[in-house]
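Going down the list, the sequences are from chains A and B. Everything in the first sequence is counted per this note's numbering, starting at -10 for the first residue and increasing by one. Everything in the second sequence is counted per this note's numbering, starting at -10 for the first residue and increasing by one.
Accuracy of the hints is not assured; some may be wrong.
Copies of one chain are not kept apart here, so a pair can be met inside one copy or by any two copies together.
To be verified - Capping the alpha-carbon separation at 25 Å, the derived lysine-lysine pairs in BS3-like fashion look like this:
hint, residue 1, residue 2
1, Lys45, Lys74
2, Lys12, Lys175
3, Lys98, Lys85
4, Lys47, Lys98
5, Lys140, Lys47
6, Lys172, Lys197
7, Lys98, Lys140
8, Lys175, Lys45
9, Lys136, Lys175
10, Lys85, Lys74
11, Lys172, Lys12
12, Lys12, Lys85
13, Lys136, Lys98
14, Lys85, Lys172
15, Lys197, Lys47
16, Lys74, Lys175
17, Lys85, Lys197
18, Lys140, Lys85
19, Lys48, Lys12
20, Lys197, Lys136
21, Lys98, Lys45
22, Lys85, Lys102
Hints listed in this document are in silico derivations from the structure and should not be mistaken for laboratory results. Just so you know, these numbers come straight off a predicted model, no measurement behind them.
Number of protein chains: 2
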Amino acid sequence: MTVPGLLIVISGPSGTGKGTICKSLFQRRPDIFFSISATTRPPRAGEIEGVNYYFKDKKSFEEMLDRNEFLEWAMVYDNYYGTPKTPVIEAMASGKDVVLEIDVQGALKVREKAPEGIYLFVVPPSLRQLRARIERRGTDSMEVINKRMGKALVELANLYAYNYVIVNDIVEEAVDRVESILKAEKCTVQRYRFVVDGEPDEPLVVPK
Amino acid sequence: MTVPGLLIVISGPSGTGKGTICKSLFQRRPDIFFSISATTRPPRAGEIEGVNYYFKDKKSFEEMLDRNEFLEWAMVYDNYYGTPKTPVIEAMASGKDVVLEIDVQGALKVREKAPEGIYLFVVPPSLRQLRARIERRGTDSMEVINKRMGKALVELANLYAYNYVIVNDIVEEAVDRVESILKAEKCTVQRYRFVVDGEPDEPLVVPK
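With the hints as constraints, model all of the structure from the sequences given.
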């Protein structure tokens, strides 16, 4: 019997560096399945179908919506974004741990459907660094930057809806902590059951 | 402000190898405070006061009992054994993580007083290995061995009173898992608070 993998949601306000953490985790752990979002936004230069996103036209995205095929979805600046449910469920069923990298609103929606998941909240080491990262993203006006800072601060207040906090001070150390959390979660007693009527050489307790 | 250390209770039926795990953890992690039990049993050859045990006469042990100085205690074959409370509390207050290696009955008593602790349950990889370890301990009769096996099995049923299970298959891997649990527990959101009115360079969230 295959032991289902864990669902790990890595989230946090934009500008906290959750993408960087996920990229490093992806390089370290080819055994993990990283979920890929679907979007109706056109591909940017260098973006590859099935690697960065599943690119869809509006009609087929809406058909997927009608068939309830998303774990969560949102419309941002007239484009749809969503997390297809089937690949996540299939990967978990095959025993793979699955990572979703997702914004705060999306994570809270996933949590409603999958409360058994492990929810990680990435926070920046300081306000100054959060602002620096948001500024680094583009040539936005001070007004836009202040708006994004405000949004990030409101999102930060959702910390306690998560299980773990990852302070993104040094990326590789943050990824060490994520890996420790995966290892520790696999040891929680709720994930184990006793083997009844096992042979003397068989395990006494096994993951369920 | 010093962030208090964690209380980690490593427990399990006798013969599961919790002592071996603790010894290896002790070697890896000199930063952890390992609690030392007090006992009225006379020292065996090679045992050192303050390393293996605090050796007490009956009168001073009972005076400590009267002063409520134990986190837990028991009488085994006419000898007292107990975990002195003060060193544990002082070490935690100084920011050190504290490990208690303790039998199942003792761990359940500690849990009543310190539910915020992290309770690890060490289980043998199989019944056959449990029996082999119990047999290896001495030249006991089959009757005594069977009795110990029975006791171990009853104790195993307490698994779900703990937070984590450590299957003791390969010691160093089991210790890796214990270390991951310590690291992960330090990331749980309950252990963090927001910094209110901090400077822009100060952390946004800090351990509490």
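Q: At 25 Å max between alpha carbons, let me know whether Lys45 reaches Lys74 within a copy, between copies, both or neither.
A: within (15 Å within a copy, 63 Å between copies)
Q. For the identical chains here, do Lys197 and Lys136 meet the 25 Å Cα criterion within one copy, between copies, both, or neither?
A. Classified as neither; 46 Å inside a copy, 30 Å across copies.
Q: Using 25 Å as the alpha carbon limit, work out where Lys85 and Lys102 are close: within a copy, between copies, both or neither.
A: So Lys85 and Lys102 pass the 25 Å test inside one copy only (19 Å; across, 39 Å).
**Q.** Up to 25 Å CA-CA - Lys45 versus Lys98, copy category
**A.** Answer is within; shortest intra-copy Cα gap is 22 Å, inter-copy 59 Å.
Q | Status of Lys74 relative to Lys85 across identical chains (alpha carbons, at most 25 Å) | A | within (15 Å within a copy, 43 Å between copies)
Q. With identical chains treated as interchangeable, where does the CA-CA distance between Lys172 and Lys197 reach 25 Å or less: within a copy, between copies, both, or neither?
A. Answer is both; intra-copy 15 Å and inter-copy 24 Å each pass.
Q.
At most 25 Å between alpha carbons: which applies to Lys140 and Lys85, within, between, both or neither?
A. Neither way: Lys140 and Lys85 sit 34 Å apart in one copy and 37 Å across, limit 25 Å.
**Q.** 25 Å Cα threshold - placement of Lys98 relative to Lys136
**A.** within (23 Å within a copy, 53 Å between copies)
(Q) Cα distance capped at 25 Å. Does Lys12 pair with Lys175 within a copy, between copies, both, or neither? (A) Classified as both: same-chain Cα gap 22 Å, cross-chain 23 Å, threshold 25 Å.
Q.
Regarding Lys98 and Lys140, is the shortest C-alpha distance of 25 Å or less found within a copy, between copies, in both, or in neither?
A. So Lys98 and Lys140 pass the 25 Å test inside one copy only (18 Å; across, 47 Å).
Q) Should Lys74 paired with Lys175 be assigned to within, between, both, or neither, using CA atoms and 25 Å as the limit? A) within (23 Å within a copy, 31 Å between copies)
**Q.** Up to 25 Å CA-CA - Lys172 versus Lys85, copy category
**A.** Answer is both; intra-copy 13 Å and inter-copy 23 Å each pass.
Hints 5, 8, 9, 15, 18, 19, 20 from the earlier list are contradicted by this structure; the remaining hints agree with it.
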